[in-house]
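Enquirer: Residue strings, one per chain:
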Amino acid sequence: MTQTLIRPETPVVPPPSPPRRRRRKDPGRYLRLHLPLVLYLLFTLIPFYWMLVFALRPAGATSLVPWPITFEHFDTVWNGVGFGLFFQNSLIIGVGTLVVVTVFALMGGYALARFRFRGQRVFLLALLCTQFIPGAMMLIPLFVIFKSAGLLNSLTGLVIADTAFQLPLALILMSGFVRNVPVELEEAAMVDGCTRLRAFFAVTLPQLKPALVAVGSFAFIGAWNNFLFALMFASKQDKFTLPVGLSYALGEFNTDFGALAAGGVVAAVPVVLVFAVVQRFLVQGLSAGAVKG
Amino acid sequence: MMRRLLVALALVVSACSAGQDGPTTITFWDNNGGPGRTPIYTELIKRFEAANPDVKVEYVGIPSSSVQQKYDTAIAGGATPDVGGVTTSYLAHLVGQDALEPADERVENGALKGKLLPGLLETVRQTAPDGKLYAVPASGNMDVIWYRSDRFEEAKIAEPSTWDDLAKAATQLTKPAENQYGFTIRGGAGSIFQLLAEAYSYSGVEKFYEGGKSTVADPRNAELVRKVAELYKKATPEADVNNNYTQMVAQFTGGTVAMMHHNLGSTADVMKALGPERVSAMPLPKGPSGKRTVVPNPTDGFAVFKGSENREAAWKFVEFLTSAESNGYWNEKVGQIPANTDVRGAEWIQENPAVKMALGVLEDPATVLVPAPVYLPEYSSITKTDTEPLYQKVLLGQMPAQEFLDQLAAKLTTAQQDWEKRK
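Listed in order, the protein sequences are those of chains S and G. The numbering of the first sequence is the numbering used here, which starts it at 1 and goes up by one. The numbering of the second sequence is the numbering used here, which starts it at 294 and goes up by one.
These are computed hints drawn from the structure, not numbers from a lab. Be careful, since some hints might not be right.
To be verified - Where chain S lies over chain G, by a calculated footprint (3+ residues, C-beta under 8 Å):
{"hint": "1", "segment": "327–338"}
{"hint": "2", "segment": "364–378"}
{"hint": "3", "segment": "533–542"}
{"hint": "4", "segment": "559–573"}
{"hint": "5", "segment": "675–681"}
Think of the CB as a built atom: it goes at the ideal place given N, C-alpha and C, for glycine as much as any other residue.
Please take these sequences and the hints and turn them into a complete structure.
Expert: If you want it as structure tokens, here you go:
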């Protein structure tokens, strides 16, 4: 059985290198492949550039380059609007939701993938159906429940609300990932004397690393971006989050584009960093869950 | 033993009640929270707490785009604030949910008696089906034409006093090759409110409803709509057909257009970008009737919620915010019309020509206010979802102005009749 677990490594034979000289000399390849990609990249980056320009140039300036550079808008949002505190709240809610969603999705996803139980299909369908219900529809019922549970104006309440909305999709994703890890690996470990739990931790969990990253990232970003719950379930200034802070820049009669852009940069940086760090796992995880049979 | 127990119990009870003797905390929701207004409220709250050490105010800034939803959720969930900033554009909606305390008696019997601009009081009263005052007005706003005084001077054009003068000046100031246009039209979101303000200002029609029927389709109003549509592309950028207020303000402050119809709310943006030496404000020009008819903008004010457990403290705070000193301080900072009449002589008003002009128009006995029926539950959907696309058709020459106004008037008449029946 151990052979099932420790497979002799297949010697990696590097594929024959493509005829480089020919590729380099093929101008059509640049036109077909690189040019569209570069144009698409520019197209994608323009809004980000625009955001940086507005964030870094003085109010009222119309130049297309952020020069002279000013940090007045960052000062406005960080010190004037209170983005420091909003950032902290968003981080706590994002990380809290990430941890809770990932742990529950792992347990639930494993159960859905590995066990057969009565009502399983209905349960899965119900999970899927929850995705059709917009958050705004649940607002008042949830508000009433949270009020009676004393969860209004608390970050814990927001973690619970975000978790409730992130978990169904996370469970479905995670069950797909777990299903892709051959059950035989666990069985082999159990034959070797492991309990199911030990087999799970020793054999399955390491295989699920990309899945954890994918599910965790989605949960974090979902909670990080959630505006509606943060505004509705909190009625104290010190419990608001970044999306609420961002919408402050859009006033009834005027829009502070500089503050909006600077706030956008502050809100986008952690998400960009998260993606930069986890993108390797994320692509691996998503493709594993999506297309591998 | 029993006696000792009773004494201990009495001590615990007295300790508990002693704990409640601290300052009363009231919650205040700012309906347009943000970097522009929050610091002003922070200062006012500081002053209030210094003058009333027994009351503590907890400030919560709500983004203006979501404030109605926030109030609705809070009312449905029974967690309303003590005091809330409100505007007449959604006041009827809150009154309809029985969420607010009427303020009539408080104003009549308190320090604010006779101190509030009658026009603003009337606007607030007209919003409620029962004609009561559900919010104490704090700021008035008025539609104005912001114009580049420097360009007018350069081209030797006098400030227009009629719509025809305005159209002529707009055409003269248009230089498409230099990307300069004389006027900007709000053709996108929020277009109808501005258009109605322009139309009634031109037509001199004094009532929004006459004999239960909307006067919107009056031929004089249609004449104005035609005049505005004629300016499109001739003296305005082509993109104006999709303009909302942010784009208009950006065009004006960026120097592309010489005249913009907006309201005093854009004072801060306009002054910051162009400065008083390059920009001035004038009232919407009159039409051939020569009458000054004004469709008032939504009025800002403060309401006390019925769910408040500290109504006395809440009213004390509202009175403080609308007192001459606070009201003056507030409106000076935001550049709007103070509701408290004791403020009108303040130095800052003399130095702020736009507010001085607007206050003059509102206080002029010859001015006729023509309030739009913002109290109708369907008003927003009729004027936005149903009618904005039709106005775009008018601008693009795909629909006659009269037909457009006929459709709008029919809907407003039906909505008014339904509302009268429900009253």
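Enquirer: If a hint holds in the structure, say so; if it does not, say that too.
Expert: Results for each hint:
1. 327–338: Held - the segment 327–338 of chain G has 6 residues with a Cβ nearer than 8 Å to chain S, which meets the minimum of three.
2. 364–378: Coverage by chain S holds here, the residue count being 7 at a Cβ distance below 8 Å.
3. 533–542: holds (count 3)
4. 559–573: Contact hint for the segment 559–573 of chain G vs chain S: holds, 5 residues under 8 Å.
5. 675–681: violated (count 0)
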